[in-house]
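Asker: These are the residues of each chain, in order.
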Amino acid sequence: DVKVTQSSRYLVKRTGEKVFLECVQDMDHENMFWYRQDPGLGLRLIYFSYDVKMKEKGDIPEGYSVSREKKERFSLILESASTNQTSMYLCASTSTGVGIQYFGAGTRLSVL
Amino acid sequence: AQSVTQLDSQVPVFEEAPVELRCNYSSSVSVYLFWYVQYPNQGLQLLLKYLSGSTLVKGINGFEAEFNKSQTSFHLRKPSVHISDTAEYFCAVSDGASGTYKYIFGTGTRLKVLA
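Those protein sequences? They're chains A and B, same order as listed.
The numbering used here numbers the first residue of the first sequence as 474 and each following residue consecutively.
The numbering used here numbers the first residue of the second sequence as 52 and each following residue consecutively.
One chain only, chain B, in its complex shape (with noise of 0.2 Å):
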């Protein structure tokens, strides 16, 4: 069975540096990849996806995030973060090949950016 691990649950980061939340998942034939993003008391927000082509996806607010095959990972970054950006992140895999739309998610990353 397909399986999401980040292995952070929190990123303290200081204001305008660089973050990387990583993200490892079981291998599979063929899987499509997603960031969310969930800011308190609200639902999830998507932040990029890889469906396909290109291994380097940017997404909203900055991010980007490159699929690894080889290494099974897919790491979300961003060159200079901002307080705004502190929020729960959440990865998430659909495997492609059994035809079903049901993710499995990470257990999340709290990012805290400090002034």
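Isolated chain A, as found in the complex (with noise of 0.2 Å):
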């Protein structure tokens, strides 16, 4: 089975800290996505990468970056936190192609 591990399930931060969500997939996967998950919102894309220290941007990078040292492990870096990022994180991985998209089981990060 496809391992997708967020590092922290919950996460309490004060605002200005600098935050580091870390997730680390087994399946050798190329592509890894960081998502937003807000009420209404659905999931939004942060960020994602197709391969090491590759990255691109998604639909709300603001506030946000990653690093991509290793093939299995992309980081989402908070570099000042803000209360408007309280919020559900989850990372998805997927092979090339028309991948399915595994998930982890999340970060709930709150931001006081």
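None of these hints come from the bench; they were simulated from the model.
A hint or two may mislead.
Unchecked claim - Think about it this way: if two alpha-carbon atoms lie no more than 25 Å apart in a straight line, the pair counts; the simulated PhoX-like pairs of lysine-lysine are:
1) 491(A) <-> 526(A)
2) 153(B) <-> 543(A)
3) 153(B) <-> 120(B)
4) 528(A) <-> 120(B)
Predicted model, so just to flag it, every value in this text is computed and none were measured.
Taking the hints as your guide, dock the two standalone chains into a single complex.
Answerer: Structure (structure tokens):
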């Protein structure tokens, strides 16, 4: 079974802190994604990566950056957390082509 | 740009009754369509997918969906729901012509199955 692991289920941070959300997949997938999920808005794509060290902005990249130094790991970084970044963050991965996206369990981030 | 509309934000239904969750997408030359389910405090799990071929697609847990190109719809159905089907359901589309692997998700439909 494909496994996508997000390092934390729940995080509480203070405004202005630098926050790292980690995601690891074990299926050698080329493509990885970070989404933000908010009630009534569905899932919105923040960033995705199609190869090591390669990244592209999604629909809502402002306030976020990403890092992919190894194929299996994709990190989302909030440079200076703000209260409007309180949300559920979901990581996904897929193989090249029309792949099925496999999701992690999510990280619920609260910024106080 | 591709878009997905799930018109119903919440659908209450009694146990053992049939249910249909609606999904419409904006037109494209070729699309790939997906339904995902999210149980409370979990990530998303694939229910079914349409890539090509038969327009009636069967998925897990007794769900099925029909791809209707003329109406740009991909509605999800189940003939008899169980309490355990209570969850949020997301429709997603991937634009096959663009060569990317990105999904566009709908805003989700909360299915509440009542005893």
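Asker: Look at each hint and say if it fits the structure.
Answerer: Going down the list of hints, with the structure as the test:
1. 491(A) <-> 526(A): Holds. Residue 491(A) to residue 526(A) sits at ~21 Å (cutoff 25 Å).
2. 153(B) <-> 543(A): Answer holds: residue 153(B) to residue 543(A) is near 20 Å, not above 25 Å.
3. 153(B) <-> 120(B): 21 Å, holds
4. 528(A) <-> 120(B): 33 Å, violated
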